[in-house]
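Mind docking these for me? Both chains are given alone in their own frames, and the hints should help you get the complex.
Here the protein sequences line up with chains R and B, keeping their order.
Going by my numbering, the first sequence wraps up at 432, each residue one higher than the last.
Going by my numbering, the second sequence wraps up at 538, each residue one higher than the last.
These are calculated hints, taken from the structure and not from any lab test.
Don't be surprised by glycine CBs; every beta carbon is placed ideally from N, CA and C.
Be aware that one or more of the hints could be misleading.
Distance ranges between label pairs, derived from CB positions [unchecked claim]:
#, chain 1, residue 1, chain 2, residue 2, range
1, B, Pro143, R, Pro75, 23 to 29 Å
2, B, Gln149, R, Gly173, 22 to 28 Å
3, R, Phe65, B, Arg80, 32 to 38 Å
4, B, Lys85, R, Asp145, 56 to 62 Å
5, B, Gly354, R, Asp383, 54 to 60 Å
6, R, Arg412, B, Ala134, 52 to 58 Å
7, B, Glu89, R, Gln47, 33 to 39 Å
8, R, Arg312, B, Glu89, 24 to 30 Å
9, R, Arg412, B, Arg80, 30 to 36 Å
Calculated cross-link-like contacts (lysine-lysine; reagent style PhoX-like; alpha-carbon spacing at most 20 Å) [what the hints assert, rightly or not]:
#, chain 1, residue 1, chain 2, residue 2
10, R, Lys196, B, Lys500
11, B, Lys314, R, Lys196
12, B, Lys167, R, Lys190
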Amino acid sequence: MGLKVPYVTSYLSEHFADDEFGALQGYERRGGYQAAKKALREMTPEQVIELVKTSGLQGRGGAGFPTGMKWSFMPKDTPKPKYLVCNADESEPGSFKDRILLERGPHQLLEGILIGAWATGASRTFVYVRGEYAQPAAELQRAVDEAYAKGYLGRNVMRSGFQHDVLVVRGAGAYICGEETGLLESLEGKKGQPRKKPPFPAEYGAFGMPTTVNNVETFCHVPHIVSKGADWFRSFGTEKSPGSTIFGVSGHVVRPGLYELPLGTRLDEIVFEHAGGVPDGRKIKGVIPGGMSMPILPAGQLDVPMANEFLRERKTMLGTGGVMVMDETTCMVRVGCVIGWFFRDESCGQCTQCREGTGWIHKIMQRIERGAGTREDLDLLLDIASKMEGQTICAFADAAAWPVQGLLRHFREDFETHVRERKCPFPASFEL
Amino acid sequence: MPRITVDGVELEASAGRTVLQALDDAGLLMNGIEIPHYCWHPKLSIDGSCRLCQVEIEGFPKLQIACNTPVKDGMVIHTRTERVKRAREGVMELLLIHHPLDCPICDKAGECKLQDYAFDHGLKHARTVEPRRARKKRVDLGPTIVFDQERCILCRRCVRFCREVPKTGELGVFDRGERSVLETFPGLRLENDYSMNVADICPVGALTTKDFRFKIRVWFLDDVPGVCTGCANGCNVFLGTASNKVYRYLPRRNDAVNETWICDAGRLSYKEIGAADRLRESAVRGEGGRLEPASAQDAIARAAARIRRLVDSKGPGVVAGLASAHATNEDLAVFKRLLEALGTESAGLVTLRGAADALLVKEEKAANATGARALGFGDPRPLLERIRGGGIDALLVMGHDVLDPSLLGGTEALARLDTVVLMDTHHSDLERVAHVVLPARHAAEKLGTLTNFAGRVQRVRPAVEPAWEALAEAEILWRLGVALGLAGFEGRFDARAVSKELGQRWPAFAGIDWESVGDDGRLLATLVAGGSPAAGTR
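With the rest of the complex left out, here is chain B (with noise of 0.2 Å):
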């Protein structure tokens, strides 16, 4: 393992890394050691031609570039001298030379690397009294992205990321020397499953995604870090948040998840949070038969004297539940005990399947659905036998996932059951067959762990509040456990608690809970094997 020093600090690189590398994989680039940069990137091949990381290098004459540099024994690094500090300079004034000074304008401000290194790095004046260069303006690269031509500083981040990463290579930079530009190659518009990252990695606003632009100024935002919930691959985000809203997701690296990439349905996936069919008010079924909104204290009231007088007559048997792979470990885990509590054991999961692709997409359309394995949720089916030939009475039952043409099919099996309690973020037609209706928390409301495809157990916290009356599944379900005085269930309901107590009941989750998997995450202790046949196709 060769050792190199950089600015003093000595640290241990693996061979074969270039300098940039190694102080990536040991956490300090931009962190304790300032090597500004463009082209490179920590996922992407090396460039080495914005020229930004040029450094000092003992023994060398002439100064290297960090990002192209291969670490060798005993190397030492300068990265504050003069004449670092002079190439910067240089490097920063050439490419301002063209590019539009007008910050207040650009939706990058605030987040835009030309904009920091030139406070950092730059001259404070420009020498140029040329006319800048004219390009065109918001070029419609694709459905979702549009590119500014005069902002664009060729680091060609997005070249190689349409090459690399989704492997389409769209993007390809023509023409040579000053009259170099990026555009699509003939025929080709900038369209992929991943094409809306190329706006995260640009490192100013040459980039944009239509979906964020111009929406909100960045540094108006709270970066909450948090987990997409498109589907089973559990990408790290950070959610965009202001005055109560979340405007966007941003992929929060995480080299065991995600790296720093996300696909574009599950970016755009933010847009369930604060969707117009948010399921808003928590309603009982009359007298008439029709749906009256009710306080969350009351629909849980009537629900649990719904149960009651089932279980006290029929026994409990007859009440089932249905968890949603939507749900978070804490929720479900307060299902599971919940039905144990009763006494029933009719219970599965709802996962929904689709396409998945070779790098981010999963298969279950759903976050959490390993989790729900390993809390013993599993295959639907035989209980949604039950249900149609009548032995079932009551079903607790999380989202309407369960309506899908290859789980049910509709509501018609569950409008014979004496009662449904549904539990749901958005609006759906099993409100039509429900008895009880509660408003759900989104991952971006609650506090509680997501268990990825691969066994990763992640944490949401609340991001945003919801405008309305919603309870997270678990606190509807613990305090109908309180309304039903079953053992287990005494006090008020506390989401950290219940997180504590994951590892403390459940085997598989030794030693996890929300505290302790940090912001990465970690992995269950034992896997329950995945892609059980708790699934319908679809």
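The following block holds chain R by itself, in its conformation from the complex (with noise of 0.2 Å):
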């Protein structure tokens, strides 16, 4: 069937429009599982995580952690067994590319798992899917039975006398369960809220027991710093991010799609090369640059290198990767609507700054929008931001607070001229 989305090939996503990559014999024909055998036959676990250390290998989930010290917080004598969570929740608005990573190369991501449950000394994967995602955790249930007929997952991996086990499991759609505690909740079978901290999974995990929560595309990279080595990777993106990343891009743009690209690729270079720009000639007004919960960037700030090193200093993060183009017909307004109920619907509801927070500033974002906004509501929507940002449980309402702070960064002229005109000055392009 091919793949259709466009794309733009690096090492992660090279196999992807082939059909055999999928399977088990395909996947090893192009090279799949050799990393795996060098890790479990040639190296300590003490090894693998040096040497992911060294590449500089950065959570591909959103919050962008050194995944080698990561692993290394893992304790190493504790009569408890040892877990990994593979989250492939991808809930993060604007971002798709676990999907397709899921879908096209399973075998990747188990190949990477194992040498992580290598490395942390793990018996057991449970890999966490989204509800919505039912064909890619087919395809990956798939390729775990496959792997398992091999010997590749089981009581003696590869004959190397490593036990593991990878269990595939369905979540059930909310957002806040790609939020690592929130997802541990879930997984145990509970209502998914995050869990406050400490402990810390590496200490208390998934029931309980000492866990290392890693996102889809995190673990894909792995088996490749294994065969080819940390320096191969560095070759790739930053000095600070390194490798490659499959960029997300939606929105206004001639060619959305998947763009596996070096870490440090310009913003502007995705938007107007590789998707090829906004459509009919109109001209671009902002991007979210890494998914939704991201603070948007106006036009004139798109020469960023898309590295949280650089995006930083523009007061924004590359989060999930997921490249949201918006033209200047768009109402920020309204976008500040639609997060605002996004993040409204979505909130756990245990912290306060939360569970309130985000349903005013959906409302006062929907006031304006009708009209009905002030000038101080403006102040209003900034205040209530700073008294929700970095003071909860989890990082939601930091994801609820920052969006609103960068629209009205960039784009407080749009409210303004709503509360002057006392109307939305655009023409109505979507229902609230």
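Below you can see the structure in the form of structure tokens.
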């Protein structure tokens, strides 16, 4: 059937157009599972962790935490079984890279998981797949079954004596279950609510056992690092953010799709060269660089390399690499309404600021959009956002506050026009 | 032991404790160091969700919640900085955007943490123009509790309480985000033996007890420290009193006894104090065989005359005493002295047994069985045998528990006695065979001490004054001793002096009296083995 979405290949997605790559045989024919064999047979767990540390691989789930360091937090001497969790909940609006990694390269993921398991001493991996991802989950399950049949999973992985099991678990579609401890609660069959820290998952994770949670894409980089080395990996990307990543480009572009590019690729290059720019000769207005929870950048600030060290200077982050492009017809207050509604709907409701702040922000956004807002409302929005930011159990409240701050930082004029003209000056492009 | 500094106050904390726990351990929390909090409760697991207890800790870039941050040696904590102030203001404002602002008609007003903290830490005006969330009012959660969804701030203390203390887990927070709502799980009612504690730990007016709600504004209540007399556990309580009436018991924290809890039956046992069947009149049996009203003084004189006559004619051995485990140590000590002064050894202790649980409720359904045993009252069965066999002519009896089927099962055996002197708080069949009836005081109406099952001596004091002439058993017996002219019974009754003598006369009570036990109680010097056969089984 081939792959229909536009893409640019690098090592992760090199074979994604190739239907055989999803099957174990096809994967192995293209060099698959050699890295796992190398790790299990020739490397100690410490060497693997050291290699991943040297490679500089950062988590690709949004926070960008160094993967090798995270693995090293797993306790060495513990009588408890240790677990890995692969976060395949991909719920950040604007992000759809993990889906393709699951559908087109499930064995690449499994190989990464195996190496991670070897490095951390984990006996089991739970892959928590977003509820809506029926097909990706089915593809992964098929690959897991193949791997068991081949002896790549189970009691004696690759005849090395190492034991590892992989369980594919389906979520039910809540955004918050993408937060690692919300995910753990959901995995245990409980309501998806993030846990307070401490204790951290490395100490008390899934079912109370030491646990490391990594994103799908993070695992997928690992076999390549093990086969080709840290220096090779560092030849992609920037000094501080090495490797490639898969950018999901959506919105007002000619060629929305997935683009695997080195970290540090400029945002304008992604939008204009790879995704073909804004259609029908319209002008670009703003771009959310990394999924909906990341602050937006205005048209004039797109000359930024897509790596956290550069994005931070512009008060935004790489997030999950979900690039959302908006052209000049976009009403940024409406954007605020959409974002506001999303977070209002998805907040788990534990922490006061998040439970109450998200709803209030949405209501104020709606009021401004209706033309009933005041100038004071603009500052009130920022005040609420500042009272939510950095004060809750998980980063959800930050994720709800940052976009508001970004919109008001760069598009205050849109908000002021609504207040001044007592109506939305943009043609209604979608229902609220 | 890690040392931490909070607002310049240095204190030693136990390892593994969090900042709030360490302050609570040191007795400083809300008692010198004010860290407002909703979801945290000293006796429940940590939730960390209300976010009100955020403090600034040196070395941490973000504010940290004091309830869940483990102490570390050298930690320096600030609770009054601008950042902390602003964070509290934020939490308070957000908690109040939907909460009804109708304190004047809320039953929690006056003891509401939302009200208190809003005054102390909140903004002075509302910035919301949107309508407030409408939710269900007066939800009937179970037999004891009514729930107002609009007032709930979702701290989940009640949820954790039901899961962790009675372990019944009836409550949960359903749905998510601002739609989150507290409910009972499908098919369940909030129905357990400790259910009413959720109203105490509810920081707002969301959960109220059917028993107390809208009876009185709490600022009219005095909180008098006392002890629940429902069983041998002796849970510490505050008696909420106004206009000489007890409106409620609230559990009073005592980590050695009841932590911060009380069972529902015990909580409601305050109703005994103002019950309609309280014995309100002294009486003596007249010529015609009928009980006739008398003053306490006359009734005591009559009792003394009857006893004197019997002792003189048959010797003191025919006089016996049946002590009650409801009486105080002081009552019982005077009783013991009286019996000794009369020269009789015929005595027994009546205490009833019932169901116990693993939490607080004890098998013995009286507050002072352990104290009674320590004072030498024991198994009543030999005495009851002698009564049945006609070997006793006069009986001084406290209370009417002896009529229980496990003991006498009725008044028949007592009807043959020449003299029955009854001291009791409530009406019973025992009056039918009594020759002298004297209203006694409830533990909430007198000064004295009670010894719980574990030997902890705890004090009670008059929280209310009976509207009729009632005397503590100790005073009745003292006056009887005076009327009988017995050695050691001189002068006016003095409750404190009697309490002082406890330790002097009874080695088990060494160093113990009403003053010295304080409001937290003190253990007996030596414990008389509990579970004595002195009791019947029900």
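So, going through the hints one by one against the coordinates:
1. B:Pro143 <-> R:Pro75: 23 to 29 Å: Since the Cβ atoms of B:Pro143 and R:Pro75 sit about 48 Å apart, the hinted range of 23 to 29 Å is violated.
2. B:Gln149 <-> R:Gly173: 22 to 28 Å: 26 Å, holds
3. R:Phe65 <-> B:Arg80: 32 to 38 Å: With Cβ atoms ~34 Å apart, the hint holds.
4. B:Lys85 <-> R:Asp145: 56 to 62 Å: Holds, at about 58 Å.
5. B:Gly354 <-> R:Asp383: 54 to 60 Å: 59 Å, holds
6. R:Arg412 <-> B:Ala134: 52 to 58 Å: Since the Cβ atoms of R:Arg412 and B:Ala134 sit about 34 Å apart, the hinted range of 52 to 58 Å is violated.
7. B:Glu89 <-> R:Gln47: 33 to 39 Å: The hinted range 33 to 39 Å is violated for B:Glu89 and R:Gln47, with Cβ atoms some 52 Å apart.
8. R:Arg312 <-> B:Glu89: 24 to 30 Å: Given range 24 to 30 Å: holds, Cβ gap about 29 Å.
9. R:Arg412 <-> B:Arg80: 30 to 36 Å: 34 Å, holds
10. R:Lys196 <-> B:Lys500: With a Cα-Cα distance of about 52 Å, the restraint between R:Lys196 and B:Lys500 is violated, given a limit of 20 Å.
11. B:Lys314 <-> R:Lys196: Given pair B:Lys314, R:Lys196 is violated - Cα atoms ~78 Å apart, limit 20 Å.
12. B:Lys167 <-> R:Lys190: 18 Å, holds
Checked against the numbered hints given earlier, the structure breaks hints 1, 6, 7, 10 and 11 and satisfies all the rest.
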